[in-house]
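> Given the coordinates of chain A, work out where chain B should sit on it, guided by the hints.
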Amino acid sequence: MLRKASSFPEEMLEHVLSFITSDKDRNAVSLVCKSWYEIERWCRKRIFVGNCYAVRPEMVIRRFPELRSVELKGKPHFADFDLVPDGWGGCVYPWIAALATAYPLLEEIKLKRMVVSDESLEVIAKSFKNFKVLVLSSCEGFSTDGLAAVAANCRNLRGLDLRESEVDDPSGQWLSRFPDSFTSLASLNISCLGAEVSFSALERLVGRCPDLKTLRLNHAVPLDKLANLLRGAPQLVELGTGAYSAELQPDVFSNLAGAFSGCKELRSLSGFWNVFPGYLPAVYPVCSGLTSLNLRDANIQGADLIKLVSQCRSLQRLWVLDHIEDIGLEALAACCKDLTELRVFPSDPYGAEPNVSLTERGLVSVSEGCPKLQSVLYFCRQMTNAALVTIAKNSPRMTCFRLCIIEPRAPDYQTLQPLDLGFGAIVENYKDLRRLSLSGLLTDRVFEYIGTYAKKLEMLSVAFAGDSDLGLHHVLSGCEKLCKLEIRDCPFGDNALLANAAKLETMRSLWMSSCSVSFRACKLLGQKMPRLNVEVIDERGPPDLRPENCPVEKLYIYRTIAGPRFDMPGFVWTMDGDSV
Amino acid sequence: MSPEDGSNLLESDAASVSFKETELTLGLPGESRGLALIEKTSGKRGFSETVDLNLGRSSNVDSDHKKYSGESETDVQNRAKPPAAKAQVVGWPPVRAYRKNAMKGCKYVKVAVDGAPYLRKADLEMYNSYQQLLNALQDMFSCSSFTIRNYLNERAVTSQEVNNGVEYVPIYEDKDGDWMMLGDVPWKMFVESCKRLRLMKGSEAIGFAPRTPSKCSSSN
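Top line first, the protein sequences correspond to chains A and B. Each residue of the first sequence is one higher than the last, beginning at 8 in the working numbering. Each residue of the second sequence is one higher than the last, beginning at 25 in the working numbering.
For reference, chain A alone in the conformation it holds in the complex (with noise of 0.2 Å):
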């Protein structure tokens, strides 16, 4: 005997449905049927939303009633090196004040990329009486009066975390204005504020907060200051040191290395600005238990970075400056067999010759010895096919692959060939690779490697790489779930552009700079497709004052239900039917 959809009982849909978080479940759930769709949209809390310009508060609120979780990514990934101009967009207070009036009893705001402004942060502290957790990630526009406000009206904070966002830093006071009633913090990370807080708020705070968990400290918290801290608080799970140098004093050493015996709890360390190598050995108690360590600020030379390193044989996950060097990545390597992500972040980027002695062969020592190795970031001046083949080969559970070979179009150093071949090896043997950044010199060949190939990648970084159109076209056609593709200084057109329009609507955005899309192109564009928002961004001022084929210096297409937005500044241009 059939059962219909519409014979099942709602509360057990209801039911089933509060087991799916994921977004992408709950989306397939909701295109099921209608009555599906109307039970999800009323039992979803959390909603993700990529780009804030893919649609417009209103129709977010009028479609989930009940949200208690928000989160928004605003400017283009390339904003974070300087290609997007100050003023481009990104604004959150629309989506504050609606936000706001909607949904009294929303506990969760995230943000990335956005510009928040002071009065955002005091309408987010005045509006959710229930408002638990506030994540700001490379945000920028607001100074810690803001936070002030946030400290002084959330009396059911659990997570605050600024990670990466530029904050203006007139008064250190604000963490003061947290009640002395208040203990309800469980996470704190404040590593990107400049200016001093102050300290003895900070240790009140963390001494009343049982359930403080994460606690990333600024690099104005001095070192001698930290064992009181961690005394404090042995409960931590994550701590960002502040900086990590004094003068060494047999005392204030065994006080520091008392205190993270204490921690037992402790998983991940990262700060370690301006260290001092004699003060490392009081973290070693807590080594073996750690599986994230960042050591990306840490100016420290090999030699101490591979001795801190061996001790960690749970580690996971390890950021950290070139300084490890090959001989530090082999010690890793044979060390640290659980490792999924390394990042290697280069400690002299503009530097004209190389300052250490990291090649490609330490990348391939730590593919040959961590085979569960699936997140990678590495910068480094010289790379050769066959290092990526190995490499390639190696690594089976790879899912982001990122290689910055610091000089651009630098070829096999080997060979003097291109890196097609390597980087075509990465693709076929990565099944499950979703990122990936290239770099080196690079022809048309390795587009089509990756649009036969890269079947389920969904984000793709591109930097002065293939010869013509081809190459764009191998991955606007090729790669499936293309989700996000950003360009710069590429010999890309019109013609791929245009040929794939379509594929277009299937991804989120779209980044070109210093290519070869003429302005003719970015008005066909935005004429036929009105689901996209074809932006031109152009600082050498309005487009059509000059001839119609010249190159766009940059264009940021995405796909949206909102229509244009009007919030642009002087130098973007929204390409639709009526502009033309």
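What the hints contain is simulated information worked out from the structure, not anything from laboratory work. What you are looking at is a predicted structure, and each value in this text was computed from that prediction instead of being measured.
In the SDA-like style, the derived pairs of lysine to any residue whose C-alpha atoms are separated by at most 25 Å in a straight line are:
hint: 1; chain 1: A; residue 1: K136; chain 2: A; residue 2: S194
hint: 2; chain 1: B; residue 1: K145; chain 2: B; residue 2: V114
hint: 3; chain 1: B; residue 1: K145; chain 2: A; residue 2: F578
hint: 4; chain 1: A; residue 1: K488; chain 2: A; residue 2: Y456
hint: 5; chain 1: A; residue 1: K271; chain 2: A; residue 2: D168
hint: 6; chain 1: B; residue 1: K219; chain 2: A; residue 2: G179
hint: 7; chain 1: B; residue 1: K134; chain 2: A; residue 2: P576
hint: 8; chain 1: B; residue 1: K134; chain 2: A; residue 2: G201
hint: 9; chain 1: B; residue 1: K145; chain 2: A; residue 2: D89
hint: 10; chain 1: B; residue 1: K145; chain 2: A; residue 2: D93
hint: 11; chain 1: B; residue 1: K145; chain 2: A; residue 2: E126
hint: 12; chain 1: B; residue 1: K199; chain 2: A; residue 2: S150
Quick look at chain B alone, frame taken from chain A:
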């Protein structure tokens, strides 16, 4: 002109273009590319009746491209310092610039130009003197046609000077919120205390004398 001749021409063009591309040059990445790809794009279009037009246009595009890739902000700022490292390309390598702010000594300030809708950022630590800063500001906003009046010698702005074309007066907001003319204090002290820069239209600057910090209401 027979079709064979035409296609031979294109082929040899393509060959010469791709040879150029593989040549290692010392030029800025993107610059020589710009030339090569414009030729290629024109070649690809193949509108033989508009060959002359294309050539004419491509030289404009050339200069636009050159202007963009040759005049990027970071390149300009690097000219201010003695050439230590090679010329930088904006945003390459892809490392986050903000990191410098969180640590010692990097001094990014916003630069506003009266009448322009957008702000730029300048890193004061990149320069060693007022002159270098002024040169860099001039280059940074070179797409607009104005000059920045150099008031390092102590004079008040008079209306006569302002009448000759569009000139801008550089002023800065200091730690106390006062707007000051550049050049009042030693360079290092200026870098310490400068919170933001503004290029004020000369016409508004009449009477704005050095050594007399007057409260200037900022529209920012």
